[in-house]
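**Q** Sequences are here, hints too, so could you generate the full structure?
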Amino acid sequence: GAVVSQHPSWVICKSGTSVKIECRSLDFQATTMFWYRQFPKQSLMLMATSNEGSKATYEQGVEKDKFLINHASLTLSTLTVTSAHPEDSSFYICSAWDRGGAGELFFGEGSRLTVL
Amino acid sequence: DAKTTQPNSMESNEEEPVHLPCNHSTISGTDYIHWYRQLPSQGPEYVIHGLTSNVNNRMASLAIAEDRKSSTLILHRATLRDAAVYYCILRRAGNQFYFGTGTSLTVIP
Chain A
1 GAVVSQHPSW
11 VICKSGTSVK
21 IECRSLDFQA
31 TTMFWYRQFP
41 KQSLMLMATS
51 NEGSKATYEQ
61 GVEKDKFLIN
71 HASLTLSTLT
81 VTSAHPEDSS
91 FYICSAWDRG
101 GAGELFFGEG
111 SRLTVL
Chain B
1001 DAKTTQPNSM
1011 ESNEEEPVHL
1021 PCNHSTISGT
1031 DYIHWYRQLP
1041 SQGPEYVIHG
1051 LTSNVNNRMA
1061 SLAIAEDRKS
1071 STLILHRATL
1081 RDAAVYYCIL
1091 RRAGNQFYFG
1101 TGTSLTVIP
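These protein sequences, in sequence, are chains A and B.
Okay, so the first sequence: first residue is 1 according to this note's numbering, each after it adds one.
Okay, so the second sequence: first residue is 1001 according to this note's numbering, each after it adds one.
The set of hints was computed from the structure by calculation and includes no laboratory data.
Where a beta carbon is used, it is the ideal one built from N, C-alpha and C, also for glycine.
Just so you know, not all the hints are guaranteed correct.
[As the list claims (entries may be wrong)] Between beta-carbon pairs, the in silico distance windows are:
(1) B:D1067 with A:S5: 20 to 30 Å
(2) B:S1028 with A:N51: 20 to 30 Å
(3) B:E1015 with A:H85: 43 to 53 Å
(4) A:T114 with B:L1080: 26 to 36 Å
[Unchecked claim] In silico lysine to any residue, SDA-like type, Cα no more than 25 Å apart, as pairs:
(5) A:K41 with B:S1009
(6) A:K41 with B:T1005
(7) B:K1003 with A:P40
(8) A:K41 with B:S1041
**A** In structure tokens:
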């Protein structure tokens, strides 16, 4: 089946630094990708919809200047957490929509961010 | 958000069938019903989806009520590997998936 890969799978950084997480669709083209964050023992919260070649659409309450999303190609979207702080520590998960498939949304393995 | 309601947790004995319910009373005519499951520290895994008719695949069956306001995911023989959080999600026109709280399934050996 279709595969979505995230990198890195985990990252530890100092407060105030920026961290970039990549999301790739490995065997299909994804015009739309989605970014989620998940705190321990909670559900996934949709942060933004990433559209290839255009600006991302952010959910209410998500700071677009804090979480920069770039979807420069049909197989790659990146999420940059700018000036990270400990409260940004979370599990970030991307997903990609395979239009040519059976209507499934495929998820990456997730990236765990820890901000010290 | 497309709202779904699921029990917080359920238990099942190994090798017995499991019926995971989901209520989605605000579903619209074009919303698809999707089920995903998630193991700790992993991304969600697709299980099954449907629109109106019941669906079967190698992992599970999906039974959709006639009025579409509820659905049931059926695992025919639960195994220890089926222990996970199961999410019932409505897919709307923009293809965004909004996750509810899900059901944490415990499988008892």
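**Q** Now, for every hint given, state plainly whether the structure supports it.
**A** Results of checking the hints against the structure:
The hinted range of 20 to 30 Å is not satisfied by D1067 (chain B) and S5 (chain A), whose Cβ atoms lie roughly 40 Å apart. The given range of 20 to 30 Å is respected by S1028 (chain B) and N51 (chain A), whose C-beta atoms sit roughly 23 Å from each other. Against the hinted window of 43 to 53 Å, the Cβ-Cβ separation of E1015 (chain B) and H85 (chain A) comes to about 48 Å, which satisfies the hint. The given range of 26 to 36 Å is respected by T114 (chain A) and L1080 (chain B), whose C-beta atoms sit roughly 30 Å from each other.
With a C-alpha separation of about 13 Å, the suggested pairing of K41 (chain A) with S1009 (chain B) holds against the 25 Å cut-off. For the given pair, K41 (chain A) sits about 17 Å from T1005 (chain B) by alpha-carbon distance, which is consistent with the 25 Å threshold. Proximity of K1003 (chain B) to P40 (chain A) is assessed by CA-CA distance (about 21 Å); at most 25 Å being required, the pair is judged to hold. Pair hint K41 (chain A) plus S1041 (chain B) holds up; C-alpha atoms about 10 Å apart against a cutoff of 25 Å.
In summary, the structure is inconsistent with hint 1 from the numbered list given earlier, while agreeing with all the others.
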